[in-house]
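Visitor: Take the sequences, apply the hints, and build the full model.
Protein chains in written order, with the numbering used here: chain G, 1 to 365; chain C, 366 to 708.
A portion of the hints provided could be inaccurate.
Said to hold, decoys possible - Label-pair distances were calculated between CB atoms; the ranges are:
| id | chain 1 | residue 1 | chain 2 | residue 2 | range |
| --- | --- | --- | --- | --- | --- |
| 1 | C | 491 | G | 312 | 58 to 68 Å |
| 2 | G | 249 | C | 567 | 24 to 34 Å |
| 3 | C | 631 | G | 312 | 33 to 43 Å |
| 4 | C | 563 | G | 107 | 25 to 35 Å |
| 5 | C | 567 | G | 81 | 51 to 61 Å |
| 6 | C | 473 | G | 130 | 14 to 24 Å |
| 7 | C | 506 | G | 81 | 18 to 28 Å |
| 8 | C | 678 | G | 312 | 31 to 41 Å |
| 9 | G | 238 | C | 557 | 50 to 60 Å |
To be clear, the hints were calculated from the coordinates, so they are not data collected in a lab. Don't be surprised by glycine CBs; every beta carbon is placed ideally from N, CA and C.
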Amino acid sequence: MKFLDEYRNPGAVRRLAAAIRKLVTRRWTLMEVCGGQTHAIVRFGIDALLPPEVELIHGPGCPVCVTPLASIDKAIAIATRPDVIFASFGDMLRVPGSQRDLLAVKASGGDVRVVYSPMDALAMARANPNRQVVFFAVGFETTAPANAMAAFEARRQRVGNFSLLVSQVLVAPAMRSILVSPGNRVQGFLAAGHVCTVMGLDAYRPLVEEFRVPVVATGFEPVDLLRGIYRCLELLESGRAEIANEYSRSVREEGNAAAQALLAEVFEVSDRAWRGMGDIAASGLRLREPYWDWDAERRFELEHIATSECKDCISGLVLRGERKPESCPEFSLRCTPEHPLGATMVSSEGACSAYYRYRRNGIDA
Amino acid sequence: MPECPLPFAEFGFIVMAHGGGGRLMHDLLSRVIFPGFRNGHLEHGHDGAVFDAPQGRIAFTTDSYVVRPLFFPGGDIGKLAVCGTVNDLAMCGARPLALSAGFILEEGFAVESLRSVLASMQESAQQAGVSIVTGDTKVVDRGKGDGIFINTAGVGEVRSRALIGPAAVAPGDAILLSGDLGRHGIAVLSAREGIAFETALESDCALLLDPVMALLDAGVEVHCLRDLTRGGLASALVEIAQAGGHRLEIEEDSIGVCAEVRGASEMLGLDPLYLANEGRFVAFVPEAQAPRACQVLRSFAVSAGASMIGRVKAGKPLVTMRTGYGTSRLVEMFSGEQLPRIC
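Guide: And the structure:
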């Protein structure tokens, strides 16, 4: 943990905060794209260390939040089948579908299991040859390589009782959709360091050129976040729209070539619906044709699923950074982590949940 | 009367008849359970235990234990079942007088495993200077239990004259924590299917009776005690803030978390403030007495890491934490279960 302590050092945090105060001459609005960054900012009170001119708004990068309701409902329909072991990352279990969540399926007898890696789900399929093991493959470019590896290995090892319910999303198309939105206020982005580690920095170049916004690859610890914020403000103050890397201990310009090759082998880009943000062109991944036998949506006949979303939830506006959680009239009253009205309250990385956990009751730094 | 043709020894595992009230149940009790606990009360074969009551007040508590896996690094369900109930009595300022044990066994559970669990219970009970004087055994169909569930209850003699509890907490109290956080939670998690990872970490499962009695014997004015169990430090403090009606303010930097727990928490996306502990407690004492209380606690191995982590203030009943950066945040009870996150 020594490695991590360096990036939580209070002296370094204070020095960076002071440097940012000195640098800023006018109002700026930055968006941290990733939910992990939102969580760290609120947990450590990073925004409270910034001068009042700088506003951080919280982006759509929480895979739990943006997984569309239809996918959750499909997951629930599959997990309910008696022949199925449904394996998922833990935090998907509490996401409310139209009627109920996966925890409720488990409580009423469904075999729903938490795994930490999709490869564990594949091992589960080999160990249970008489059951169908379905893995809920959700997430951004960060989870995609491991999920691709599970599909790749299932095909290579001919594991016939394994399949993936895929709901993979891509970051850059969501950033574009925010920039073209009429309510957009974002002037610079802190890009998610782990996504950049996999994909490199090229995906942001068209955004930087077309919209003249700086994009800074940023890590997740307090020192990382403040370095990313400093660099982004420096570019804004000097009028430069560029890509910068403030997470160079993990991110290489070209990304991880082996992971990208695996993604290209298993997945292809597709249009995808985002919970709260609607349909975004070319913003998702789906299995390529050689992997269709491992596609849970093709394996199980699912009846048409009619979804119904709570109409009082403003999570779409929160995900686009147009509203802050506390400005929602339902926040912490009708909408709580026990009874979430929408996705941003469910996941620990959702902005509403982070504000609920760390900021209610007017407790601020 | 002819002997049963199928002697007990041929069953290496629990069958339904072990809970049926007949000969097999009698065999289980007389050959496995009573010898495991060895004390006069059980051998009387009566429906309950009768013993002398001390002068003064009695504390009474009960808890049920369900844990998966049953055997984990640093302990097992038996050790938990005795330590947990003795610790609950200790948190009332009481020394245990007698314990009960109720077992719900699943058909097919290995008798050898039962013997190990009983041995752990007996070892912890002896350490606490208490006997398991009465009990009950039931058997459920295979698939209806998780091997073994245990309920223990305990009565104890209250050793403190003043009331110990959230109602006695007052502004100006110091909040002491007896050691580092999260060892039990991570040790159990590390042994579970699906998230197994290698660690040398052991559960902190332990008796807390000695340090608590020493605090009382030293004349420290103890206002409230709470052992940290499932919901971790955060949940214990939020409960006390709400029940006592005061604001608790803690300092992040003063809360100990060992490198293994921190590493595993970072990896799994868990917050050590919410991880389960089975051998840690918080004590509320007047701030002026905090240094002496810490000194007393540090003389026991189980609370060698004791330190002051915060203060009680007047104000809304909630818990706040000062971070190492001088910012402040709310500490909230966790909603549902802590679930490992995606990325």
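Visitor: Against each hint, give a clear statement of whether it holds in the structure.
Guide: Checked hints:
For the pair residue 491 of chain C and residue 312 of chain G, the supplied restraint of 58 to 68 Å holds, since their beta-carbon distance comes to about 59 Å. At about 33 Å, the CB distance of residue 249 of chain G to residue 567 of chain C agrees with the hint of 24 to 34 Å. Distance hint for residue 631 of chain C and residue 312 of chain G: a CB-CB separation of about 36 Å, consistent with the stated range 33 to 43 Å. As the Cβ distance of residue 563 of chain C to residue 107 of chain G is approximately 31 Å, the hint placing it in 25 to 35 Å holds.
Judged by the Cβ atoms, the range 51 to 61 Å given for residue 567 of chain C and residue 81 of chain G is violated: they are separated by roughly 40 Å. A beta carbon spacing of about 21 Å between residue 473 of chain C and residue 130 of chain G agrees with the range 14 to 24 Å that was offered as a hint. Evaluation of the 18 to 28 Å hint for residue 506 of chain C and residue 81 of chain G yields a pass: the beta carbon distance comes to about 25 Å. At roughly 36 Å, the beta-carbon separation of residue 678 of chain C and residue 312 of chain G lies within the given 31 to 41 Å, and the hint holds.
At about 52 Å, the beta-carbon gap between residue 238 of chain G and residue 557 of chain C stays in the expected band of 50 to 60 Å.
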